[in-house]
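Trainee: With the hints as constraints, model all of the structure from the sequences given.
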Amino acid sequence: MKISIENVSKEINGKTVFSNINWQVKNNSLVAIKGNSGTGKTTLLNIISLLDKPSSGGILFNSENVTNISIKKRREYLKKDLGFVFQNYGLLENSTIKQNLEIALKSKKFGKRKKLDLMIDTLQQVNLSSLDLNVKVSSLSGGEQQRIGLARCILKNGNLIIADEPTAALDSENEKIIMLQFKELKKRGHTIILTTHSNKYDDWFDDVFYL
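Here the sequence shown is numbered in UniProt numbering, starting from 1 and rising by one per residue.
Keep in mind the hints are simulated off the structure, nothing from the lab.
Just so you know, not all the hints are guaranteed correct.
[Unchecked claim] Cut-off 25 Å, straight-line C-alpha distance, at most; resulting in silico cross-link-like pairs (DSS-like, lysine-lysine):
(1) 187 with 200
(2) 73 with 106
(3) 2 with 80
Mentor: As structure tokens, then:
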């Protein structure tokens with residue numbers, strides 16, 4: 001999915017967060033948004049992912065202006081085309097790994113066996129094949145929970161993947177696992193936009209936008 005950000009500005013409570021942002025994100029690319037704390041990285045990410053609206057300017061998915069689309073259309077994009085990886089994992093902590101992963105497959109017309117096979121395969125991709133699907137995610141380490149969040153995103157198979165500081169709370173080993181998976185998702189044709197403070201993997205990005 002190609003993303004076009006055209007003259008986007010955002011004000012919150014009368015304060016300008018950023019103004020007149022123009023940025024083109026190519027289809028099938030891995031890109032990063034960087035900047036100091038308070039510069040609006042998460043706000044821009046929320047606007048791109050249709051969770052917020054700009055004060056002015058527009059967002060285009062491919063050639064469609066999605067800035068002021070209907071609630072129904074926005075829900076369709078969120079359901080089918082967008083996948084999310086959150087800094088705080090975004091998981092149901094008192095539910096099992098299986099229950100968390102099933103959320104991503106809710107709209108898929110697969111049988112139980114197919115869904116189970118997909119979940120097992122995806123856990124292998126994020127190096128968690130040794131985990132019992134019936135374990136509650138609250139018992140997992142932070143690195144494991146983040147990888148479960150990524151596994152859920154992989155299962156959803158959205159065209160655009162949005163990740164807000166996905167490696168901020170991880171050790172070097174888990175950070176590398178997450179970044180390798182983003183590279184793999186790019187190879188499969190996905191577009192990935194993430195925010196990060198790290199410079200470790202700058203060479204992996206097709207583009208970096210600084211706020």
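Trainee: A separate judgement is required for each hint: does it hold in the structure or not?
Mentor: Now for the hints, and whether the structure bears them out:
no. : hint         : result
1   : 187 with 200 : holds, 20 Å
2   : 73 with 106  : holds, 19 Å
3   : 2 with 80    : holds, 16 Å
Checked against the numbered hints given earlier, this structure breaks none of them.
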